[in-house]
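Start from the sequences and build out the full structure, keeping to the hints where you can.
What follows is each chain in one-letter form.
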Amino acid sequence: MKNFRYIGKEAPRPDSADKAAGKAHYIHDLQRPGMLYGKIKFSEHPHARIKHIDTSKAERLAGVRAVITANNTPEIRFGFLRDNLALKKDKVRQYRDEIAAVAAIDPDIAEEAIDLIEVEYEPLPGLFSPEEAMKKGAPLIHDTDVQGRPRTDNLLSLQFHHESGNLGDGKRASEYLIEREYSTPLVQQSCLGTAGCIAEFDMNNNLTIWAKTQIPFLAQRDFNRALSDMGLQGKNSRVIVPTLGGGFGSGLDTHAYEYIAILLAFQTGRPVKIVYNREEEFAYLSPRQSTQSRIAQGCDRNGKLTFREVEVLQDNGAYTSWGATYPSVMMLPATSLYRVSNIYFNARLVYTNNTYCQAMRGYGNPELNWALESNMDELAEEAGIDPFEFRMINCNEPGETTPMGLKVSTCGLKECLESVAQKLDWKKKHKKSNLRGVGMASLIHVGGGGRIYRSDASGLILKLDDFGNVYAYHGGVEMGQGLHSVLTLAIAEALGVRPENVFINPTDTGTCPWDIGTHASRGAFMACNTAILAANKLRDKIFELAEEVFPKEVEKNLKKFREKNPGYNPPEFDFKKEAKSDCFELQDGFIFIKKGPREAWLRLELARLLRAVHFRNQGQMLTAEVFYDPPNVLPDFEKGFGNISATYAYGTQGAEVEVDVETGEIRILHLVAAHDVGKVLNPLALKGQIYGALAQGVGYALYEELQSQQGKIMNPNFRDYKIPTALDMDFPIDLEFIETDDSFGPFGAKGVAEPGLVPTAPAIANAIFDAVGVRIRDLPITPQKVLVALNKLKQSQETPRRKRVNKGT
Amino acid sequence: MKTEISFQLNGEEVTVMAEAHYRLIDLLRGPLGLTGTKEGCGEGECGACTVIVNGRAVNSCLYPALEIEGKSVTTIEGLLGPRNRPSILQQGFIDHGAIQCGFCTPGMIMSAKALLDSNPEPSEEEIREALLGNLCRCTGYVQIVEAVKKAANELKRMS
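Chain order of the listed sequences is A and B. With the first sequence counted from 1, adding 12 to any position gets you the numbering used here. Number 7 in the numbering used here belongs to position 12 of the second sequence; there are no gaps in the numbering.
By construction, these hints were calculated from the structure, which means they are not laboratory data.
Computed cross-link-like contacts, DSSO-like style, restricted to lysine-lysine with a CA-CA straight-line distance of at most 30 Å:
no.	chain 1	residue 1	chain 2	residue 2
1	A	316	A	444
2	B	66	A	35
3	B	144	A	435
4	A	734	B	145
5	A	475	A	21
6	A	606	A	549
7	A	35	B	145
8	A	564	A	549
9	A	35	A	734
10	A	806	A	443
11	B	145	A	21
12	A	553	A	564
13	A	35	B	-3
14	A	426	A	316
15	A	475	A	14
16	B	145	A	435
17	A	35	B	151
18	A	592	A	576
19	A	549	A	14
20	A	589	A	564
21	A	804	A	439
22	A	475	A	35
23	A	571	A	607
24	A	101	A	247
25	A	549	A	568
26	A	592	A	14
27	A	734	B	144
28	A	21	B	151
29	B	144	A	35
30	B	-3	A	69
31	A	21	B	144
32	A	103	A	148
33	A	606	A	568
34	A	576	A	588
35	A	21	A	435
36	A	101	A	147
Now the in silico label distances, taken between C-beta atoms and shown as ranges:
no.	chain 1	residue 1	chain 2	residue 2	range
37	A	742	B	151	19 to 25 Å
38	B	50	A	743	30 to 36 Å
39	B	115	A	742	19 to 25 Å
40	A	790	B	124	29 to 35 Å
By construction, the Cβ of each residue, glycine as well, lies at the ideal position given by its N, Cα and C atoms.
So, in structure tokens, the structure goes:
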């Protein structure tokens, strides 16, 4: 691998000093002159007709500037299938449905006004599980589709399907076969910084919105459509992204509260801010979807996988977000994690009266990986093969094209598996039955963008000033993950300037080039690829100009140098002749001739060149602009085929746990995470990403669950919805980064933001099985579930666990 | 009904009018304009609003503003060292990658500061105990704990 000056070395983030000093400004901290505070009245029923809304008392409250409902505002339709309304008109379909909103001069008055709004409902029967909602004759949650055509059931029209090989052949070839069902709960992103926005119109009716979003440009498109719905055809919205306070997928859609702020701002002619409090964040923002999966897999007597059958049922909730496309990512592990032919995959999504869901880190992968990697261990157990060996036998390899058509450019899965086995001391600790156990699970994820939209592109503009500084305008979103840190290093590295001279501008649709959004672990992959392309363009321009400027300026340098050092004898080198555009190098802000001697005078400060070409007749300033769309394709999701990403990230995680058989409690003793990252860009930031993802993985495995009862969120606070604390994470963690130097990756790197939490839960579940022989198939693995399973196991000790299946079943 | 209250804020005497229902965080973020203190939950569960009152880390979202009369308050804004450079503890967070989205950071640093003021050589266990009330969703706490340890060593070396 190439030697880099900045890439691969530990570097503190450029934004960390401001954050450490309390000087970073989140949406919560922003104020606009004359700003009003918006508040939303949410539904008190999961499914009901709205008979009457009385806002008269709220309107009379001093300090209230506007009260809006669907009755006095234009209809704004939004969402992935445009099945959601900013303010609900005739019917509510979930507890959190937005019925009315107020804008007031302070937040307390806004809250008081909301309590004065009276709504009369006619309750309708609710559907709170996909099974109920799929029953024949179940009430329809949406009577019509967006086009107004009558619907006949509660199934979504979205299709996610894959078939390859021949399932029957695969089953017949199976010596061992296992079929099990698994489930995952609703999980909340739990950003420490809650959701919010400020909407403001200028006198030309153009909108500026400061939004906590991961998709500024898709949001601009959505908001412009809303402006059109409001009768403001041709008007524009400018989306500015403040310091984010965490994203984890919660910013991958536009939200009703944003449209409500827009409506209130338009109505009042004043800026309106809506920020969710923690209870609202838990109860009224969309969480990770709950899923149920059925998985059947088989293998031959040598442990070679023979077939895989996967069916997923996803509770969509009442409306449809981008999160409904989770199965587009589930297809990756279903078809391509380990080598298997003869595959069936199908996912169904069902409307219910539960809270509607959206993206969260991993985007369907943790859900399916949970089922698949649990099932891999169950099949290994059935076949009497060591789970580590079983994975090695079926391991993916570089150069293969998977049944989904994924082109595997590089693959470090084997190294990841071996690393985890070694760090866990697998051979010594596995199958020791001493209430301690070890387990592992692997993953595949997109690592080179992820095309789920017509464009998977990202742009970058670099602008140089008179002082050798570089300003970057990039549409990706820094949400805490460190995007601006790697972008800074990539620009410094690729252009040849010092990181201190690189400034990343705030993400703003008014100044930055288009970007599809910060999702699919694509931020660093895309940004750094654009940095390399833009830097190359700038270097070409700089070196072309240097042909003329360099000899002149260096001559001046030499003259000064000789004045200071009278006896100086310069080395024999004809710099005038050698000053050709393809002979220059730029490093740390200095231009020099590659093969020339490294004399202090024989180099030109970039800033001097920039001023020389700026302040002359017909002078110029240097900028470069690039737009990079990675070499991947938008898959046909109905057929489940297409190379969705330019490259793929692999990884294996291992856990050692101890189970308290009296209480059912799980104590994690050791976690190992080995990830094929292509190339480490900034070790400090990368470690932080994986440590943080592991904590989310531990939460997913052991306690996180948004409890929904008849559609109502019962634990909308950190007391009852527990995320890991510093004490919960008090065990050794080993990280191992496998560098496969991917040819599509910038500097060889792959995306790595999501993989860190994908296989954590099954690794822990597999370790629990190794420790005490119980298999928990529904997350989270609570002590109660473990105790119940332990009791069951005790009762069935006499029946033999291992059963051979008949061939051909 | 507004009440006048006086207290010491980041080493300076301040007098400010507070509504009766104000919490300390409202006073800090509102009339005093110190937005470094963050509100993450408003229920004392997340610790993002941690400030130091008379030497002890408290959740400013649970602290009635009127009770601050005559006391001494330190917020994240009061932590900067000479020439407004980051203090050793803040620098520890910066250098060890302990900051991601940064929303929990001011509260986290204030809890760590209260710990190191009372216990200059904490064990890892003591650090984790002291940070128990500060939730972080980004970092998994590993680099935060490292940062506090390194800052403690650095402070000891300097004393």
